[in-house]
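Enquirer: Chain by chain, the residues run as shown.
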Amino acid sequence: MEAVNLTFDCRDGVLTAAIAGEIDHHTARPLRDAIDGEVIRRRPKVLVLALKDVSFMDSSGLGLMLGRFTRMQSLGGQMKIADPTPEVMKILRLAGFDKKIVWFSTEKGGVNA
Amino acid sequence: MKKKEVQALRLEFDGISENEAFSRQVISLFAASLDPTLEEISDLRVVISEAVTNCVVHAYKNKGGKIKIHARIFDDRTMKIKIQDFGCGIADIEKCMEPLYTTDPSGERGGMGFAIMQAMSRKFRVTSRPGIGTTLYIEFKFA
Ligand SMILES: Nc1ncnc2c1ncn2[C@@H]1O[C@H](COP(=O)(O)OP(=O)(O)O)[C@@H](O)[C@H]1O
Ligand SMILES: [Mg+2]
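As you go down the protein sequences, you meet chains D and F in turn.
My numbering numbers the first residue of the first sequence as 31 and each following residue consecutively.
My numbering numbers the first residue of the second sequence as 262 and each following residue consecutively.
Note that these hints are calculated values from the structure, not bench results.
Fair warning: there could be bad hints in the mix.
[To be verified] Pulled from the structure, derived: some chain F residues nowhere near chain D, Cβ distances all over 12 angstroms:
1. E266
2. A269
3. K329
4. K356
[Unchecked claim] Below, simulated SDA-like cross-link-like pairs (lysine to any residue); rule was C-alpha separation at most 25 angstroms, straight line:
5. D:K129 / F:P360
6. D:K120 / F:E355
7. D:K120 / F:V287
8. D:K130 / F:K341
9. D:K129 / F:E369
10. D:K120 / F:A293
11. D:K129 / D:A80
12. F:K324 / F:E369
13. F:K343 / F:Q268
14. F:K341 / D:R72
15. D:K120 / F:K329
16. F:K343 / F:T298
17. F:K329 / F:D365
18. F:K324 / F:K343
19. F:K402 / D:S85
20. D:K120 / F:K324
Note that beta-carbon positions come from the ideal geometry of N, C-alpha and C, so glycine has one too.
So that you can see chain D by itself, here it is in the shape it has in the complex (with noise of 0.2 angstroms):
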């Protein structure tokens, strides 16, 4: 059984990488090495980390998460979290990273909300 699976759709600018599984320092390696490989492959303008089924994550996700974000920023684009569970949003607000990274719901309203 794998811990993490990973799966990426591209379209209009937008790379969606949508992560299922657990998010800890083991699995946070090999899930950024694979975002930064696609994200330097398709060149996005937004990154969007979907992660409607995340099952667990600590702070290594987080790491994960900002890493990411400079990295878009220094590409001149932006990343945005779609989906947290109650259990991430609950770690990303204790980082308060709610505040600083846009994150939103696919079922309510899309990338632009």
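Got chain D; can you put chain F with the ligands on it based on the hints?
Expert: Using the frame of chain D, we list chain F with the ligands on its own:
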């Protein structure tokens, strides 16, 4: 009246990243007898993961080393967990507990581990000696 210990668990394992998931799974299984809420079990898993990851990444610099966990459940529905490493230790604990403080040079760590462990537990205490190792004492209360 003094509370009574009803269950205890001792774990000793290698501080490698594969064991981060293993350790939080074992502790959440251990807590199952308390019939915890989803939020309680989620907080417990996060705290164990933070603690063990710190041993792997900081204490042992990703080179491995012994981690010991002693978890105890008491009849007042509290759980006390001691997590011990024998790594580099921490010189300035107060500084390390500050939110967003990290000594990791990669830019891939949030520096939020201690803040999260404190927020998600009822009691949290750190003792450490440089060159000897670090011990965390964490307490949870279940509804
Ligand atoms: N077990 C440990 N052994 C040695 N140093 C530690 C340990 N745990 C934490 N630290 C130190 O405390 C700092 C803050 O830890 P933490 O809040 O978990 O953030 P992060 O892990 O993201 O760096 C670490 O960067 C490290 O310097
Ligand atoms: Mg940490």
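Enquirer: Against each hint, give a clear statement of whether it holds in the structure.
Expert: Hints, verified against the model:
no.: 1; hint: E266; verdict: holds (28 angstroms)
no.: 2; hint: A269; verdict: holds (25 angstroms)
no.: 3; hint: K329; verdict: holds (19 angstroms)
no.: 4; hint: K356; verdict: holds (17 angstroms)
no.: 5; hint: D:K129 / F:P360; verdict: holds (16 angstroms)
no.: 6; hint: D:K120 / F:E355; verdict: holds (24 angstroms)
no.: 7; hint: D:K120 / F:V287; verdict: holds (23 angstroms)
no.: 8; hint: D:K130 / F:K341; verdict: violated (35 angstroms)
no.: 9; hint: D:K129 / F:E369; verdict: holds (19 angstroms)
no.: 10; hint: D:K120 / F:A293; verdict: holds (22 angstroms)
no.: 11; hint: D:K129 / D:A80; verdict: holds (17 angstroms)
no.: 12; hint: F:K324 / F:E369; verdict: holds (18 angstroms)
no.: 13; hint: F:K343 / F:Q268; verdict: holds (14 angstroms)
no.: 14; hint: F:K341 / D:R72; verdict: violated (49 angstroms)
no.: 15; hint: D:K120 / F:K329; verdict: violated (28 angstroms)
no.: 16; hint: F:K343 / F:T298; verdict: holds (22 angstroms)
no.: 17; hint: F:K329 / F:D365; verdict: holds (23 angstroms)
no.: 18; hint: F:K324 / F:K343; verdict: holds (22 angstroms)
no.: 19; hint: F:K402 / D:S85; verdict: holds (23 angstroms)
no.: 20; hint: D:K120 / F:K324; verdict: violated (31 angstroms)
In terms of the numbered hints stated before, the structure departs from hints 8, 14, 15, 20, listed from lowest to highest.
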